[in-house]
Amino acid sequence: MAPQSGGATSPQHQQREAFIMSFNRRFALKAGLAVLIASVPIASPVFAHGPTPQKTDESVVIDAPLDRVWTVLSDFGSIAEWHPKVRAAETGKDGKSRTLTLDGGTITETLDVASKERGVVAWRLGEPNPEALAVSSYNDKLMLEANGDARTTVRWIGRFYRADTSNFPKDGQTDEAAVEAMTAYVRAGLDGLKTYVEGVPSN
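With full-length UniProt numbering, the residue at position 26 of the sequence shown is 26, and numbering never jumps.
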């Protein structure tokens with residue numbers, strides 16, 4: 001068999017080259033597909049959950065003795081006099097319930113504890129109104145502590161649940177909305193109480 005010229009290739013060599021090129025194309029295609037798949041973000045599932053208990057805990061120091069602060073807080077219906085977010089307050093005949101008028105509507109509250117010895121006034125939400133306050137229920141308490149220098153520390157603790165207790169709450173009725181609304185309400189109340197009590201002349 002005559003030898004092939006330097007520029008020619010054998011059929012076997014051509015087949016091998018064709019196989020290598022085909023293999024490389026398939027490999028490149030698979031590699032590209034793998035990269036494409038890896039680059040596509042996988043959406044994480046959205047896990048719904050029911051309401052979780054929330055809490056607000058705020059305090060203020062009032063330049064007045066405990067007795068003077070207590071005189072104001074022991075009057076369950078006086079909240080409209082010192083809380084800037086309460087436009088009106090109507091006390092029930094028993095003196096242990098009140099209806100508050102806020103900017104968004106009315107809510108009702110029931111007094112649970114009023115003890116000067118313990119320095120505590122505690123109450124809970126009766127009929128909720130998400131338009132007035134973005135919660136479905138709450139238990140609040142004011143705790144008084146004499147500082148020994150004619151000043152009183154008042155601490156307001158609230159525990160509550162969001163307005164929409166379903167797994168997928170509406171906008172404005174989420175846990176975050178409840179925390180924001182209650183924190184603002186409590187903070188405004190404490191600041192208003194301080195201003196009011198410090199403006200009351202001592203006997």
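Treat the hints as calculated values from the structure; they're not laboratory data. Every value quoted in this text rests on a predicted model; they were computed, and no experiment measured them. Take these hints with a grain of salt, some might be off.
Derived Cβ-Cβ restraints for the label pairs, each shown as a range [said to hold, decoys possible]: (1) Gly172 to Asp94: 31 to 41 Å; (2) Thr195 to Ile157: 18 to 28 Å; (3) Ala184 to Ser137: 16 to 26 Å; (4) Ser166 to Val200: 37 to 47 Å; (5) Asn167 to Glu145: 32 to 42 Å; (6) Thr71 to Arg124: 21 to 31 Å; (7) Thr71 to Ser166: 40 to 50 Å; (8) Thr153 to Ala184: 15 to 25 Å.
We put the beta carbon where it would ideally sit given N, CA and C, even for glycine.
Do the hints match the structure? See the list:
1. Gly172 to Asp94: 31 to 41 Å: About 34 Å separates the Cβ atoms of Gly172 and Asp94, which means 31 to 41 Å holds.
2. Thr195 to Ile157: 18 to 28 Å: Since the Cβ atoms of Thr195 and Ile157 sit about 21 Å apart, the hinted range of 18 to 28 Å holds.
3. Ala184 to Ser137: 16 to 26 Å: Since Ala184 and Ser137 have Cβ atoms about 18 Å apart, the given range 16 to 26 Å holds.
4. Ser166 to Val200: 37 to 47 Å: holds, 45 Å
5. Asn167 to Glu145: 32 to 42 Å: Hint holds: Cβ distance 40 Å, inside 32 to 42 Å.
6. Thr71 to Arg124: 21 to 31 Å: Holds, since Thr71 and Arg124 (Cβ atoms, about 23 Å apart) stay within the stated range.
7. Thr71 to Ser166: 40 to 50 Å: With Cβ atoms ~43 Å apart, the hint holds.
8. Thr153 to Ala184: 15 to 25 Å: holds, 21 Å
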